[in-house]
Amino acid sequence: MQLALLPAMVMAAICSGNVQAFTFKTEDWDGYWDNTLTYNLGFRARDVDNKIGNDPSYDESEYKFKHRGDVVTNRVNLLTELGGTYHDKLALRLSAQGWHDFAYDDDVKSNPGEYAPGVSYESLSAYSKGHYNSGVKHNYITGGRLLDAFVQYSDSFDDHSYTARLGRNTQYWGNGLFFPFQSISYSQGAIDGIAGAASPGTPAKALFIPRNQVNLSTQLTSSFGLGFQYFLQRAENVLPQGGTYLAPADFLFTGQDSMLGIPRGSNERAPDLHNNFGVNASWQATPDTTVGFYYRKLDEVQPWAPLLRMEGASPSYFLSYNQDVDLLGVSVDTPLGDNSLGLEVSYRDGTALNTTPGLAADDPKRGATGNVVNLIANVLVPLGTTPLYESGTFIAELAHTRVLSVDSTNKALYNGEGYDGCSGNKWDGCSTRSATALALSFTPEWNQVAPGINMSMPSSLTVGLKGNPGVLGGTAQGSYKYSIGVAATYLAKHTLKIEYIGSRARAGDTVLTPAGQPVYEGGNGSYMLNDRDWISITAQTVF
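Note that the sequence shown covers residues -21 to -1, 1 to 522 in mature numbering (1 follows the signal peptide of the UniProt record, and there is no 0).
Since the hints were made in silico from the structure, they are not lab data. Possibly wrong hints are sitting among the right ones.
Label-pair ranges, simulated between beta-carbon atoms [claimed, not checked]: (1) Ser135 / Tyr274: 20 to 28 angstroms; (2) Arg47 / Gly114: 26 to 34 angstroms; (3) Val490 / Leu195: 53 to 61 angstroms; (4) Glu500 / Asp341: 25 to 33 angstroms.
Note that beta-carbon positions come from the ideal geometry of N, C-alpha and C, so glycine has one too.
Turn these sequences into a full structure, and let the hints steer you where they fit.
The structure is reproduced here in structure tokens:
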């Protein structure tokens, strides 16, 4: 069978409508085996902006698929989930996914011109051998991932119910939806940032990658419960890799061996077992209102921007992950009429801050740190029937971050306005003391437009309203990302969705490269993605 024929065969299988999930039941066991087959085809919607493509930090990501209409993804993904319960007490779950993308090969593409007289862009490549390494190929060409793999036991003792779980799974505390870098759940699990970049508006919970851990929970009274988790495995975000379509920089994050001629060094990581744990308490204050209290000791899953250190007489660059952060949080969930309101406030002590690469560090293994407060508020509104739609949902979420203080160690590296690490202002990417961002999700629905077919129009918008967050990640002022699409679901199992996806951020002034070509002199936010809009077509079926 020719591999080029597989995507068409997958599409035909998805649209055939004759598949169904498998369940089984015995005297002792209730079990299931579900599979989700997804096919995604994407096209570049804009040509290369030369002011981005002429920057040696971004040219390899720009030129991998350089023409409007180029196929930027042609991916088949299979998710399989197997589980069962024994006498309603013992539960087992195992899930995994595998993928192949026909759009990618392992060749790295560079701007074909010269950055400076006699200096080609290829000579400044982040991949010295001109090919992706095994890690990048795993994420973008052919790969797989074990997801859930746990055993769970539930019972009661002295009228108190309890549940114990051991293995790979996800726990998501608090009620933040769209801002994982500011939520109570920050670094509770690694985020699949590759999937997040390809699907704006996806709730953070859906992007969590399971992690080995021990979980305990108990209901002490009808209105008060406790929970505990202890991590058995280090976690790191899976982020868009340099030289791929939605990458923020060619030399990030894994697999590259050079940053504009500076060689790559070894990363600084925490060990798997490093006293990462959390406790929570939930109190049902009223029949409809729940208050949560949280304490977590965490190592961060997002790295600082590349740091520099001396390797003998020459510098090298590396990534480092902050450790030993204390988090305190409170959350409230309550209804307001037919709407659902959520609020969470968290305080982080010693968290990683936006850092400027530099050698003059008190601790050369780390970036800047400090203390911050994050606030997230959201509302979920069920949509009633109108002349324009029959039903649907609207979600709005506001996130606010405030830097309370910057630690003295590596303070000079903090890229914040008024600090030594900031060479400009917020429009040059410097953090501000406070920052606010807004996320919106609007999905009107139409039921039974044809026998067995429901339709919807999912759309999302995330925008930085004011300021740049001092923490790692977040949405910078004036930047936004959006998606708008239409989806049809047949018999609640087979879905076809078409979306237009894009983002914008404020670029700096235009200057010239040493070879005399125009290029942006920096900017604020992910301005390097301004020309990488794309059209996504996704077909999915469950069986």
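Right, here's what the structure says about each hint:
no.	hint	result
1	Ser135 / Tyr274: 20 to 28 angstroms	26 angstroms, holds
2	Arg47 / Gly114: 26 to 34 angstroms	30 angstroms, holds
3	Val490 / Leu195: 53 to 61 angstroms	57 angstroms, holds
4	Glu500 / Asp341: 25 to 33 angstroms	30 angstroms, holds
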